[in-house]
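Peer 1: The chain contents come next:
Number of protein chains: 2
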Amino acid sequence: HHISDRLSKDWIFLTTCAIIMAVISFAMDEGIRLFTAVRFWFYNDITGDPFARYLTWVTIPVLMILITTTFIHYLAPQAAGSGIPEMKTILRGVPLKNYLTFKTLIAKVLGLTFVLGSGMPLGKEGPYVHIASIVAHLLSKMATPFRSIYQNESRSTEMLAAACALGLGTCFAAPIGAVLFSIEVTTTYFAVRNYWRGFFGCVVGASAVRLLAVWFQGADTVTAVYPTYISTEFPFDSRELVFFALTGALCGLLGASFVWVHRHYVLFIRSSKKLNKFLQKNRLLYPGILALLISSLTFPLGTGQFLGGDISTEDQLTQLFSNFTWTEKNLSEKQANIVAKWSTKYTNIFGNLIYFTLYHYFLSIIGSTMAVPHGMFIPALKIGSGFGRLVGEFVAWIFPLGMRYGDCMSPIMPAAYAIVGAAAFSGSVTHSISVAVVVFEITGQIAFVVPVLVAVLVANAVASLLQPSMYESVIMIKKLPYLPDLLYTNSSLYNKHVSDFMLHDVKYIWQGITYQKLKDVLRMNKKLRSIPLVDSPEKMILLGSVQRQELVKLIEDQVGREKRMEMAQRWLTEELSDQATERRPSRFEVVPAQDPQKSNLKQSNQQSNDSLNSNSESRLRSTFQSVFKKSSESDLDLEIGTNEHLQPVTSPSKRVHLIGDRVVDMSPEGKKLWELDQLSKPIDFYNSAARIDPSPFQLVERTSLLRVHSLFSMMGVNHAYVTQIGRLVGVVSLKELLKAIEDINNQRFEPSVREQQP
Amino acid sequence: HHISDRLSKDWIFLTTCAIIMAVISFAMDEGIRLFTAVRFWFYNDITGDPFARYLTWVTIPVLMILITTTFIHYLAPQAAGSGIPEMKTILRGVPLKNYLTFKTLIAKVLGLTFVLGSGMPLGKEGPYVHIASIVAHLLSKMATPFRSIYQNESRSTEMLAAACALGLGTCFAAPIGAVLFSIEVTTTYFAVRNYWRGFFGCVVGASAVRLLAVWFQGADTVTAVYPTYISTEFPFDSRELVFFALTGALCGLLGASFVWVHRHYVLFIRSSKKLNKFLQKNRLLYPGILALLISSLTFPLGTGQFLGGDISTEDQLTQLFSNFTWTEKNLSEKQANIVAKWSTKYTNIFGNLIYFTLYHYFLSIIGSTMAVPHGMFIPALKIGSGFGRLVGEFVAWIFPLGMRYGDCMSPIMPAAYAIVGAAAFSGSVTHSISVAVVVFEITGQIAFVVPVLVAVLVANAVASLLQPSMYESVIMIKKLPYLPDLLYTNSSLYNKHVSDFMLHDVKYIWQGITYQKLKDVLRMNKKLRSIPLVDSPEKMILLGSVQRQELVKLIEDQVGREKRMEMAQRWLTEELSDQATERRPSRFEVVPAQDPQKSNLKQSNQQSNDSLNSNSESRLRSTFQSVFKKSSESDLDLEIGTNEHLQPVTSPSKRVHLIGDRVVDMSPEGKKLWELDQLSKPIDFYNSAARIDPSPFQLVERTSLLRVHSLFSMMGVNHAYVTQIGRLVGVVSLKELLKAIEDINNQRFEPSVREQQP
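Line by line, the protein sequences give chains A and B. Using my numbering, the first residue of the first sequence is number 1, and each one after it goes up by one. Using my numbering, the first residue of the second sequence is number 1, and each one after it goes up by one.
Keep in mind that the hints are not guaranteed to be accurate.
Stated by the list, open to error - Quick list of simulated restraints, FRET-style, between CB atoms: (1) B:142 - A:23: 54 to 60 Å; (2) B:333 - A:41: 52 to 58 Å; (3) A:45 - B:333: 55 to 61 Å.
Unchecked claim - What the simulated footprint calls covered on chain A by chain B, stretch by stretch (three residues with Cβ under 8 Å from a Cβ of chain B suffice, anywhere in the stretch; the number is not a length): (4) 176 to 186; (5) 439 to 453; (6) 537 to 549.
Worth flagging that the hints you see were computed from the coordinates, not collected in a lab. Ideal Cβ positions, reconstructed from N, Cα and C, are used throughout, including at glycine.
Throw the hints in and build the complete structure from the sequences for me.
Peer 2: So, in structure tokens, the structure goes:
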């Protein structure tokens, strides 16, 4: 109780969450480090024979991937993949089943450690977001006394959003970038109120994970992950901005093609039915082959030598960001060592950089189709920095003396291009601008604010004109129920109104609808989870909406077994007391009044069709009486089962008993008649037990698409009714809205293409 | 047309806006530089006599402030002050009059240049936001063919939000920080869709302003404004985080007290009626005295020597961020020069730093009460960096050898504390976290991410627990119609429902209300800008809401002069044709049918009270006929003015003319009778000309305060009706919501104080 009481305070909750996350992150990092060390140890120290070395180099990753695929498949298939597309969907208000469970957490943590430990060209930012979200979700469940608060949707959404930031924060040790990136990537509308939560979580998480490194690994202090040492006195010449913008544009094209290739590769594999069947039967074949292919290509004695296959991702990035021109003649020993890693006797650095970029470009796409946990950000960072370095070295090679400005010459810094490329490519793949901040933080360098931002903006503009972001692409592939952002703010968003895309044929019920008709409506619209209630089919004034289960319960109450038995019991009592004598008429008068349900029913019915009702009731009662007589006579017949074909229900309901411990029920015919009569009665929703949601979201016909989108995405609405001065005239659900947005987006390459902007 | 067509594209619009803003910013900077140079020239080179030097030092600022006060007062009083509180309000959806005009732009630009040129301890970030917003607003007006788009509220809000970011971007040359700061400071809910606009505008603006500097001032390149040169290899020891957090807490306390002192000083001056009257009469006295006081205190030969009075703000900040310990014995010449500025023969650096901090603390509060354009961010930055440097030097003095970690000693860097203090204090004053990013960008240094964020978060937590932000405080002082953020996410936000704070006594009109009653409702509720329409006073089903002006027009149409004349004319025609002969009865039958307005009226009336109406009409007509006879007889009397006391209206309406070119009107009595009759008719809103807003925002009684707040702040709603299954039961306006939030915030120090968090 003490703990759960405390967890209800946001900052304690976040601190707990951040520390758990930091510990998990640290443990995972240690695990990955260990696996990597083992891999390299096997490769380096076991044998000198190239073939044996190749076998050890390849076997471990393949085995690890096979193990991961297997246990992910059996433990929690939800743990495969990135997690960001799914978190986008969850934060949009659509809960995904089994997505935030403890099982998934275990599977994701172990799986990610194995996958990254096996040296696959995959990242970890998506899984970290997923893991942090699960931790926050499970933790919020522990806050039992305040569960009501956490059950509040907007509160839990706020917490999940903060957890996403936190996950990224511990992943990159880049608190500010993580908060911004998580906002950009996961949400559409952001409550500034929630801002501090992300920062707080990130700072605690990032500090904790770095402090753990300081304490347990002897790291010196909390500092940048891939530190760069670039003099800030003269970072770049103003005219170099053109080159940076160009790098950005190229990265944008590359990024868009990356997303396109990825989606079409996945769709291609999926579309081939034969291949699909084969792979489904031999579940381990595909990941096994891929792991073999990928690890073969990185074999340091083979093609691995062209892409720095024998150094870790950290070292690769640090070297790509190293601040000297690789083509220079006079290099220090340390510098020469770096260049040695990026050139071979067959190739110079340009060849290696091209191979490095292409390898990561294609193999991270292919690798990401394995059903294992993986992220796309680190690969994107590597592709981008490789490409950027390539451009930078090229520019430095063309202008060996640098740019001239006035009297002073400023040399080209290829490292700046590597940083710019990393930010621009990852920005174009994820459609986010805040990668710039992430890059500043992980390099510990903010001197290139303007070049990086220029390149990121250009890359974003190019990429978003051509392709959706990687995460949206995955959402499309997985067909998750996600509402896309309206990135293209053209006039059609303002000029398209609800009336243009709403569903005119609304299914509705009305005050005074008969139970029978309600039953029909429910039967014919099985997919509707709630149905609008209007005052009458003529006026169509919207009164509210009723949940399907409420309506089902209403019918159940009216013609269900309980009610039927009760009526049978009452009528039998009356019948008996009538039959016995006319001695106690007073009691007969009292009975209906004592029953609140019946009096209610009567009262409510009186309002609408009093005379009809009393007629029908007396008529029915007489029917019942005759039927009851008949059925009590045929009681024995029933016992021996002659009437079984008429009543295919369970035996207790078949029996008709006398008062006392015996169950009283109607005969089959009586039941049918009674049900028909009951169902023909009108429902008075005002006085019924059914809970009515009196304010379903309502729109007017002239509401613009933009506003509908805002409402749906901000409020997590799934459907809204369209009214015209109170009259229900249509309905819009996520489906219609999605279609309308799709229409607009498809149009965008045709008439309105002129109006597009970055 | 060509230009306005192009401006409709977002990115061209933003580029234009950014370039205009950069030019304005550059011109202002040049102006300020010029004025400052003149001031220093007068002080340094004109005379050696201390008294004469004092006079010149003091006279120029006083004169400049007096000139500014005068022309601000006459040209555009709206230009005084910061501008951020007002922009917050405008972005919230409440338009402020004359706030975004060309006049205000001119006044603000000139005023700010004068004020900063005069050396007052005031900043420029607020005015820059205001100026950029005006530029964007005026520019969007130029995009005429797409005016309909720009008139769309959410679009123009998006553009204004981007302009705010742009203003800050050109002000600080810190694009990322500016975008984030503008989001935090001006909006409550942020559309991620709009994110790129801010970045784009900022990057263009920041680049343009720096490029202008490169081209026109011979600056080397686009670089940080207050560059720092701190080795990033070992920025700080992990245990120093405690000191940084402590600095943050102290800055939080200082910041909260800063806001408190400012508000109470303003309220004190305002509360004293005598003083107020006196100052209003002698409008120039107060600013004159203040300018004299402030400039006297900075006189370099007097107390100015204790606060670096003879160096500019840029130099002050750069020196405060300088990376060496001022108390060290062995200083280079350059370093000794800096220390010489911060110590005198009477005081050491501690005394000077304290005096510097206190001076800016109090005098920027006092200075900001002058009715001139000013910002609060730069002063806050100076106070914070002064205080931070003080703490840093103190820590360095206590631990002269630095912190020991394992074998290596890491020296204390007072510059880090100065940076931390600057971020923490300005963060606590503005309640924003993104100042951290602003500080990174203006120092060109991101090595201190963790310390700065820790301090900023602690400072924010402390400050927001004690006081509102500076901008919210000003909003309170100015009583702007702004909805505060819900910073304290305690459970009461979820448990408080609309029904707890709505207004139960709703004024409404109904379908079939008589014109007379409508008139009464309008007369008794003059403040209501729109009135809800229900189907009937019994059922109270909400049908929509109608604007006041629509209703006024409706009454005008019913009993206005035009309608009256028309009726008089018609009746006269009928009268005449009746009188003439009974020869053409057919024509008499046809007339009413030919008039669509009358037939409409009849038709609608038929539905409700047909018999009554025709009775009354025939009765009225006979009255009219008699009256008309009388009045046409008394035509001459009217001409000579005998009836003037009965009809105090203008002469044309007094006259009763025959058909043709003469104006036909009713007599006073007839008019009264006719009006009474007209007003007693019911209104059929379905068929009337009044435009009904069929979907005013509707809430349910159980809607939580949080959701109401989100709706109001996201959608810019001013009032919403509360319904219960379609029935109108209450209304919530900004006023009620504000009160409810205030109640919660006042409670927060009492029972629920346990649940607070940073």
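Peer 1: All hints, please: hold or fail.
Peer 2: Right, here's what the structure says about each hint:
1. A beta carbon spacing of about 58 Å between residue 142 of chain B and residue 23 of chain A agrees with the range 54 to 60 Å that was offered as a hint.
2. Between residue 333 of chain B and residue 41 of chain A the C-beta distance comes to about 55 Å, which sits within the given range of 52 to 58 Å.
3. As the Cβ distance of residue 45 of chain A to residue 333 of chain B is approximately 57 Å, the hint placing it in 55 to 61 Å holds.
4. Given a C-beta distance limit of less than 8 Å, the hint that chain B covers the stretch 176 to 186 of chain A holds, as 4 residues qualify and 3 suffice.
5. For the stretch 439 to 453 of chain A, the stated coverage by chain B is satisfied: 9 residues place a CB nearer than 8 Å to a CB of that chain, which reaches the threshold of 3.
6. With 4 residues having a beta carbon nearer than 8 Å to a beta carbon of chain B, the stretch 537 to 549 of chain A meets the requirement of three or more and the stated coverage holds.
Violated hints are absent here; each numbered hint is respected by the structure.
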